[in-house]
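Go ahead and model the full structure; you've got the sequences and the hints to work with.
The chain contents come next:
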Amino acid sequence: MKYSLQQDTAAKTLIVASMVYFGLALTLGLLVAIKFVVPTIGEIEYLSLPRMRMLHTNANLFGWLLQANMGVLLWILPRILHTKLFSEKLGVLTGIIYNIAVAAGLTGIVLGQVKNIEYGEIAAPFDYLMALSWVFFGINVIGTIAQRKVKYLYVSVWYTLGSVIWTTFVFITGHFLTQMPMVTGVNQANLNWFYVHNAVGLIFTPLGVATAYYLIPKQLNTPIYSHKLSMIGFWVISFVYVWTGAHHMLHGPITHWLQTVSIIFSFSLIIPVIAVITNFFGTFAAAPQGRRLQGPVPKLLLMGTVYYVFTCLQGPFQAIRSVNEIVSKTDWVVGHAHMALFGAFSYYAMAGVYYVAPKLAGRRLFSDKLGDLHFWIMTIASIPFFVVLFISGVIQGYAWLNPENTFVQTLMALKSAHWIRFLAGVGIYAAYFIFLHNVFMTLFGKYPGEGEDRSEED
Amino acid sequence: MKWNVERSLMWTATGAFLLFSIGAITTTVVPPLVDETIWSAGDHVLHTYTEQELRGIEIYKREGCVYCHTQQIRNLASDQRRYGWRLVQAPVSKSWEYVNQQQSFLGTKRSGPDLSRVGGKYSSEWHWSHFRDPRNMGEKFESPNGAFQSASIMPSFKYLSDQDIKDLTAYIQTLGRDINWRKDRNGKLLNDYEK
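Line by line, the protein sequences are chains Y and S.
Residue numbering for the first sequence follows this note's numbering, beginning at 33 and increasing consecutively.
Residue numbering for the second sequence follows this note's numbering, beginning at 6 and increasing consecutively.
Wrong hints could be hidden among the right ones.
Claimed, not checked - Chain Y regions said to be covered by chain S (calculated; three or more residues, Cβ under 8 Å):
#1 241-250
#2 286-292
#3 362-376
#4 456-468
As the list claims (entries may be wrong) - With a cut-off of at most 30 Å between alpha-carbon atoms, the simulated BS3-like pairs for lysine-lysine come out as follows:
#5 S:K114 <-> Y:K447
#6 Y:K447 <-> S:K163
#7 S:K99 <-> S:K163
#8 S:K114 <-> S:K99
#9 S:K66 <-> Y:K447
#10 Y:K260 <-> Y:K478
#11 S:K171 <-> S:K114
#12 S:K163 <-> S:K114
#13 Y:K116 <-> Y:K250
As the list claims (entries may be wrong) - Facing chain S, according to a computed beta carbon distance under 8 Å, are these residues of chain Y, among others:
#14 G277
#15 H283
#16 A319
In case anyone wonders, no lab produced these hints; they're calculated from the structure.
Quick caveat: nothing in here was measured; it's all calculated off a predicted structure.
Yeah, the Cβ is synthetic: ideal placement off N, Cα and C, and Gly gets one too.
Structure representation (structure tokens):
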């Protein structure tokens, strides 16, 4: 049967599925947060705190963030490269296989089928299936670049291409090499943290930055501030990021020189980060003042960049041994991870969804007002969410220094912080539903203003 | 001459891969090659896990204990004191101790105390009742209604079968046993992990 798919079906499939997972991930986050204050809630096997935590991270990383990024980039890449997607069918197949893998993997976690790899809990064979769909995505990216109608590769393309290459190795290391029989103990832990850190640094950072590098100049109708800075940012990050995994084991039982190497490179990360954010803020500053923050897309991009600055300045400093002594293993780390994956990269991904959804539907966004409302509620809730985790992390870190405090006493000190974290989480959760409603109305709903078509500008 | 990487798919891809691979190889392949303590115990004798303890490891993994309990005494005085026993400081964790762990659980977050030296500290009965009711600290506090009695946020593992709890406890009692560090008041080494 010969049968052709409409353009952008792949992007739409991935974006719609990712939106659903975002809701699931936030629900689980809220459940974990309430269990931190009232541990007796939901005392059954399939709702136990650690399983919910694994589910929360995996649903966020793979269900929402990676999937949304893939969807948005499958839309963006053909626009930058002035061509069609290499294969729409392969794209849809990627989406289907990927969603089967993630859904089955998450179900496995609830039922207790896990690997001992943080962020890599999804067990065989579904991790293999995820790797397969990543290869499909890679073929589509490289195929689209190969058939491009423009000479130059734009920054977003470098980052996407880099991510496709790096992630393949990072994913294989984390999910498969760690499970080999001769890889044990600290050696396994080292590979695990190589994976954990590079999952953030070489999957979500480049994909998020790629999205922002396209959206910021496009949305503001202003050329990117400096091409040189783009190059510095990209080439330095591709060299520097990968060395930092061992900073998760500072003061720990791993080889001492490896710890020092990870500290030095964690600190060097300031270079590409400053290059990227200078570029982003520079573009914002150069844009015409009147409309540079109109609607949800530029707001989310700006706030995402602000969180990117904070989280990426935290990183280098908390890798210093004396700072690490206080903040490591505490709530601080949780705050840091949330600020990167939720604050920076989910904001970029949400901006991407808000930008792409109207184009997919061929009409304007359902409501800019609701978009703004979503942005403000989420941002106002996320600030106390992060801040309270940093404060409680420092309290915890210093409380542990005094051996007279029993462990439960140090936990008691965090009670109010954990309540605030939960309440702020409720705000974020509420804002998500506005986002979902807005995007789904844009894609599937009925409202006046149809036919007001802006989809063919590129 | 202007070397134009940005026009070439090949050069961008190769460059990104080569730069990445330098760091990737140095931090993953090189460490085990130059530091054999991370895969070899050398002269140290390591405990061999029994069938029951191996089942316990699977339960430890499945129930996600590692997300709240680390298994590493870092090279910090605060860690050594906090996870010591009576007035004896806990020895710093060494990489050789982990060599026979096919499933490592070093962990990144402490919502509960570190467990790397917990073996033998509490009786298996204490663990049994603690798993079922984590707010019950038993002998840890003089009064069962002490101020911090209810502060623990550990989930209850009532849903585990008795056999599961026994297997899990058997594994937990092995933690830290490769270094015999707990001494009684006469300085005699205790080796009471089997209790």
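Quick rundown of the hints versus the structure:
Proximity of the region 241-250 of chain Y to chain S, defined as three or more residues with a beta carbon under 8 Å from a beta carbon of that chain, is not established by the 0 residues found. Here the region 286-292 of chain Y counts 3 residues with a CB under 8 Å from a CB of chain S, which clears the bar of 3, and the coverage holds. Taking a C-beta to C-beta cut-off of 8 Å, the region 362-376 of chain Y contributes 3 residues in contact with chain S, enough for the three needed, and the coverage statement holds. Chain S is given as covering the region 456-468 of chain Y, and this is violated because 0 residues of the stretch bring a CB closer than 8 Å to a CB of that chain, at least three being needed.
Between S:K114 and Y:K447 the alpha-carbon distance is near 17 Å, which keeps this suggested pair within the 30 Å criterion. Taking the CA atoms of Y:K447 and S:K163, the gap is near 24 Å; set against the 30 Å cutoff, the hint holds. As the CA atoms of S:K99 and S:K163 are separated by approximately 34 Å, the hinted pair breaks the 30 Å bound. Among the hinted pairs, S:K114 with S:K99 is consistent with the structure: their alpha-carbon atoms are about 19 Å apart, no more than 30 Å.
A distance of roughly 27 Å separates the Cα atoms of S:K66 and Y:K447; the hinted pair therefore holds under the 30 Å criterion. Simply put, Y:K260 and Y:K478 have alpha-carbon atoms about 45 Å apart, too far for the 30 Å limit, and the pair is violated. At most 30 Å may separate the alpha-carbon atoms for a hinted pair to count; S:K171 and S:K114 meet this at roughly 25 Å. The suggested pairing of S:K163 with S:K114 holds, with an alpha-carbon distance near 24 Å, which does not exceed 30 Å.
Straight-line distance between C-alpha atoms of Y:K116 and Y:K250 comes to about 19 Å, which keeps the hinted pair within the 30 Å bound. This hint holds: Y:G277 has a C-beta 6 Å from the nearest C-beta of chain S, less than the 8 Å allowed. Given the 8 Å rule on beta carbons, the hint for Y:H283 holds: about 4 Å separates it from the nearest Cβ of chain S. The closest approach between the C-beta of Y:A319 and any C-beta of chain S is roughly 24 Å, which is over the 8 Å cut-off, so the hint fails.
Consistency with the previously given hints fails for numbers 1, 4, 7, 10, 16, ordered from lowest to highest.
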